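Please work from the sequences and hints to get the whole structure.
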Amino acid sequence: MARAVSPSRKFWTTLAAWSVALVIFFPVFWMVLTSFKTEASAVATPPQLFSAEWTLANYQDVWARSDYPRFFWNSVVIALGSTLLGLAIAIPAAWSMAFVPGKRTKDLLMWMLSTKMMPAVAVMVPLYLVFQKLGLFDTRIGLVLALMLMNLPIIIWMLYTYFREIPGEILEAARMDGASLWNEIIYVLTPMAVPGIASTLLLNVILAWNEAFWTITLTTTKAAPLSAFIASFSAPQGLFYAKLSAASTMAIAPILILGWFSQKQLVRGLTFGAVK
Amino acid sequence: MKITLRALFGATAALALTGAAMADTTITVATVNNGDMIRMQGLMDDFYAKHPDIKVEWVTLEENVLRQNVTTDIATNGGQFDVMTIGTYEVPIWGKQGWLVSLNDLPAEYDADDLLPAIRGGLTVDGNLMASPFYGESSMVMYRKDLMEKAGLTMPDAPTWAEIETAAAAMTDKSAGIYGICLRGKAGWGENIAFLSAMANSYGARWFDEAWVPQFDQPEWKATLDSYLHLMNNYGPPGASNNGFNENLTLFQQGKCGMWIDATVAASFVTGADSTVAADVGFALAPDNGLGKRGNWLWAWTLAIPSSSQKQDAAKTFINWATNKDYLALVASREGWANVPPGTRTSLYENAEYAKLPFAKMTLDSINAADPTNPSVKPVPYVGVQFVAIPEFQGLGTSVGELFSAALAGTRTADQALSAAQSLVTDEMEASGYIQ
Chain A
1 MARAVSPSRK
11 FWTTLAAWSV
21 ALVIFFPVFW
31 MVLTSFKTEA
41 SAVATPPQLF
51 SAEWTLANYQ
61 DVWARSDYPR
71 FFWNSVVIAL
81 GSTLLGLAIA
91 IPAAWSMAFV
101 PGKRTKDLLM
111 WMLSTKMMPA
121 VAVMVPLYLV
131 FQKLGLFDTR
141 IGLVLALMLM
151 NLPIIIWMLY
161 TYFREIPGEI
171 LEAARMDGAS
181 LWNEIIYVLT
191 PMAVPGIAST
201 LLLNVILAWN
211 EAFWTITLTT
221 TKAAPLSAFI
231 ASFSAPQGLF
241 YAKLSAASTM
251 AIAPILILGW
261 FSQKQLVRGL
271 TFGAVK
Chain B
1001 MKITLRALFG
1011 ATAALALTGA
1021 AMADTTITVA
1031 TVNNGDMIRM
1041 QGLMDDFYAK
1051 HPDIKVEWVT
1061 LEENVLRQNV
1071 TTDIATNGGQ
1081 FDVMTIGTYE
1091 VPIWGKQGWL
1101 VSLNDLPAEY
1111 DADDLLPAIR
1121 GGLTVDGNLM
1131 ASPFYGESSM
1141 VMYRKDLMEK
1151 AGLTMPDAPT
1161 WAEIETAAAA
1171 MTDKSAGIYG
1181 ICLRGKAGWG
1191 ENIAFLSAMA
1201 NSYGARWFDE
1211 AWVPQFDQPE
1221 WKATLDSYLH
1231 LMNNYGPPGA
1241 SNNGFNENLT
1251 LFQQGKCGMW
1261 IDATVAASFV
1271 TGADSTVAAD
1281 VGFALAPDNG
1291 LGKRGNWLWA
1301 WTLAIPSSSQ
1311 KQDAAKTFIN
1321 WATNKDYLAL
1331 VASREGWANV
1341 PPGTRTSLYE
1351 NAEYAKLPFA
1361 KMTLDSINAA
1371 DPTNPSVKPV
1381 PYVGVQFVAI
1391 PEFQGLGTSV
1401 GELFSAALAG
1411 TRTADQALSA
1421 AQSLVTDEME
1431 ASGYIQ
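Just so you know, the protein sequences line up as chains A and B, in that order.
Under my numbering, the first sequence has 58 at position 58, and the numbering climbs by one with no breaks.
Under my numbering, the second sequence has 1292 at position 292, and the numbering climbs by one with no breaks.
Note that these hints are calculated values from the structure, not bench results.
Treat the hints with caution; some may be incorrect.
Stated by the list, open to error - Listed next, with one range per pair, are the computed distances between beta-carbon atoms:
{"id": "1", "chain 1": "A", "residue 1": "M118", "chain 2": "B", "residue 2": "K1055", "range": "36 to 44 Å"}
{"id": "2", "chain 1": "A", "residue 1": "W111", "chain 2": "B", "residue 2": "A1075", "range": "52 to 60 Å"}
{"id": "3", "chain 1": "A", "residue 1": "K10", "chain 2": "B", "residue 2": "T1413", "range": "49 to 57 Å"}
{"id": "4", "chain 1": "A", "residue 1": "M118", "chain 2": "B", "residue 2": "A1075", "range": "43 to 51 Å"}
{"id": "5", "chain 1": "B", "residue 1": "A1278", "chain 2": "A", "residue 2": "W73", "range": "36 to 44 Å"}
{"id": "6", "chain 1": "A", "residue 1": "P254", "chain 2": "B", "residue 2": "G1395", "range": "33 to 41 Å"}
{"id": "7", "chain 1": "B", "residue 1": "D1113", "chain 2": "A", "residue 2": "I24", "range": "54 to 62 Å"}
{"id": "8", "chain 1": "A", "residue 1": "W111", "chain 2": "B", "residue 2": "G1395", "range": "29 to 37 Å"}
{"id": "9", "chain 1": "B", "residue 1": "K1055", "chain 2": "A", "residue 2": "W54", "range": "32 to 40 Å"}
{"id": "10", "chain 1": "A", "residue 1": "W54", "chain 2": "B", "residue 2": "E1335", "range": "24 to 32 Å"}
{"id": "11", "chain 1": "A", "residue 1": "W73", "chain 2": "B", "residue 2": "D1371", "range": "48 to 56 Å"}
{"id": "12", "chain 1": "B", "residue 1": "P1381", "chain 2": "A", "residue 2": "L80", "range": "23 to 31 Å"}
{"id": "13", "chain 1": "A", "residue 1": "V28", "chain 2": "B", "residue 2": "E1335", "range": "31 to 39 Å"}
{"id": "14", "chain 1": "A", "residue 1": "L49", "chain 2": "B", "residue 2": "Q1416", "range": "35 to 43 Å"}
Bear in mind the structure is a predicted one, so any value in this text is a computation, not a measurement.
For each residue, glycine too, the CB sits at the ideal point set by N, CA and C.
As C-alpha cells, this is what we get:
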C-alpha cells in the first residue's frame, strides 16, 4: 500500500530536486551561453551571465578551423561500436554469473571491478606499444577495442545486477520447454531485461563518448573523436573561452539530445529492481 | 610477347606507385593551440602552392597533453609525428638523447645565422640546430601609463624591483578594484615557477649550485620569496594563487592591474581589440636588483623532427617554409606586421615597418637580456633561465610551485615553503643520482 505524501512534503522534495538539478545543469547552461558571447564578454570581470552582444562567430570559426563531421563520425562509431561489442560479450558473461554462479564468481566480479581502480596512465606505454605493433594506432577499430575493454567491467556488473532480479524459475521453465541456451538468452532473458540492457547501453555510450584519455592518447588524425576536437581548442596563452565553449557545445550536443530523448528508458533501467 | 607485356605493365604500375608516393607524402604536425600556430594553418595555401607533393595533417592539442603524447611517441619510437611543436625546455634534453634530427642541412635560404643568438643558443646541441624557432618570447613589464601619470611617476625603461614596488603601491586603489601589480600565482613549472625562477635569478638565487645541491635554504631565495609575497599580499589582486597567464591577462585587459610582468607575447593581446586599456599600455624591461641579472625568462616554441619520423625530408621542407624569412613576410602581407611571429630573427627587428610596433624594441631587448647558459649571478650546472633543462624538472617545478602557491594563499609561511622545497628537491636529486 502506497504511503500518502503530504502536499508540503511533496513541495519541498520537488523544490530540492529542482535545486539539485539546476546546480548540476548550471555549468552546462553557462557554457552554452558563453559560446554565443564575444571573447571579451566571455571573460568579463565580474562575470556576466548574459552578454550585451551575442554572436554566432565562435561557431563559424570553430567550424571553419576543424573538420567537425569527421570528429563526430569517429565519436559515433567508437561509442556505439565499443558499447555493442561490450554488450555482446557481457550478456552471456553476466548470465553465467547470475544464474550459474561458481565458487569464484564474486571474486571474479571484484577482480574485474578492481581493474577500473587502476589509473589509466599506468598502462599507457604498454598499450601504446601494443597498438603500434598491431597496427591499431589511430584506427577506429583500435579505439573500439580499447574502450570496450575499459568499460566491460561496468557493463558486466550492471547486467549482472539486472539479471539477478529476474527469477531463475522462468529460465528453468524455458529450459524444461526445450529452449536451448541460445534461445534462453535471446528469447527469454533479453526481453525481460530490456530496460536494464537499454540503460547499460546508453550509459556506456555516454562513457565512451566522453572518454578523453585514451581517445586522445591513441589517435592523431584519422580516428580522433570529439574529445580530441575539444582539446584542440584549449589554449595556454590567449583567451579563447568563447570558442572553447562553442567547440564543447558542439561536442556534447549529440549526447545531450540522445540523453534527453532516452531519459525515460534510462531512468527506468537505472531504477530497475530498486523497489521490490 | 607476353613477358614483354607483363614487364611493361609491371614497370608502368611501379612508376605509377612511385609517382603516387611522391605526390602524396603526408606529414603529421603536432602543435599547440595558440594564435601564431592557428594563423599558420590558415596560410597553408602558400605551402601547397610551393610544395604540391606534400600534404600536412595537423594534430592540435593542449600544451601538456601534446607534451605527454609526443614524449610517449618518441620514447617508444612510434613515428606517429613527423614535425612536433616543442619548447626550449625539451630541445636540449631530447637533443642529447638523440631523439631529434639535426636541422643543420636546411637549405641556404633558411639562413640560420639570422636567428637571434640567445634563441639559437638554446636550441643547439653539440653544434647541431635541433629545432627551428617558430616564435620566441621573453618577459617584461607591461604597465598602465595613465595610472603612472596619475600617481606622478615615470616608469624607467629598465626598472629595479624597488621601483616596481613604489609604482605598485602608488597605483593600487583597492576601492576602485585596481591592483598595483599582477603576477603569476598558480602552481606549475610553466606558471608561477617560470616567473619566480626568473625573478630569483635577479636576486642572485639559483636552483642548484655547481655540484647540483639545491639552494632553497640560501638567503637569496628567502629574499626572492619574501619580496614576491610582500608585493602580492599588499598590492596584488585577491585569489592570486589561482592566477596564471590567462587569468592575469583578463585582469589587465579589463583595467584591474597597474602592472603585469609576464610573457612578451602578451603585448599584442593587451594592446589588441579585446583590451579596454589598449591605448594606455607601456612596456619596460623586467626588473633587476642591482646584481647584473634581470628577472626575465626566455622561451621559444619550436618545430622539430623526431628521429622516428619516416618522412624527414618532407618534414624539413615544411619546417623551412614555416620558419624562414619568407614566412614572416607572408604573414605581414596577409595579416599585418603585428601578427608576425616574434622573437626569432634579427632581420625582423631590422625591418622599419616592424620597428614601428610599440612592443617590438622591448621584446628584442628582453630576449637579448636573457642568457640561458648563464642565467643567474652565480654559476650554475644547468641550461635554462626559468627552468632547469633536466628531465626531472617538470615534476620538481610543479611540486615546488605548489609550495610557493600555498605560501601566497597563506596556508604556509615563506620559511615553511622554502624548507619543504629544499627537502623535496634534495630527496629527488639524491634519488636521481645527481648528488650522493
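A quick look at each hint next to the structure:
no.: 1; hint: A:M118 to B:K1055: 36 to 44 Å; in the structure: 39 Å, holds
no.: 2; hint: A:W111 to B:A1075: 52 to 60 Å; in the structure: 30 Å, violated
no.: 3; hint: A:K10 to B:T1413: 49 to 57 Å; in the structure: 54 Å, holds
no.: 4; hint: A:M118 to B:A1075: 43 to 51 Å; in the structure: 21 Å, violated
no.: 5; hint: B:A1278 to A:W73: 36 to 44 Å; in the structure: 42 Å, holds
no.: 6; hint: A:P254 to B:G1395: 33 to 41 Å; in the structure: 38 Å, holds
no.: 7; hint: B:D1113 to A:I24: 54 to 62 Å; in the structure: 59 Å, holds
no.: 8; hint: A:W111 to B:G1395: 29 to 37 Å; in the structure: 32 Å, holds
no.: 9; hint: B:K1055 to A:W54: 32 to 40 Å; in the structure: 38 Å, holds
no.: 10; hint: A:W54 to B:E1335: 24 to 32 Å; in the structure: 27 Å, holds
no.: 11; hint: A:W73 to B:D1371: 48 to 56 Å; in the structure: 51 Å, holds
no.: 12; hint: B:P1381 to A:L80: 23 to 31 Å; in the structure: 55 Å, violated
no.: 13; hint: A:V28 to B:E1335: 31 to 39 Å; in the structure: 35 Å, holds
no.: 14; hint: A:L49 to B:Q1416: 35 to 43 Å; in the structure: 40 Å, holds
Checked against the numbered hints given earlier, the structure breaks hints 2, 4 and 12 and satisfies all the rest.
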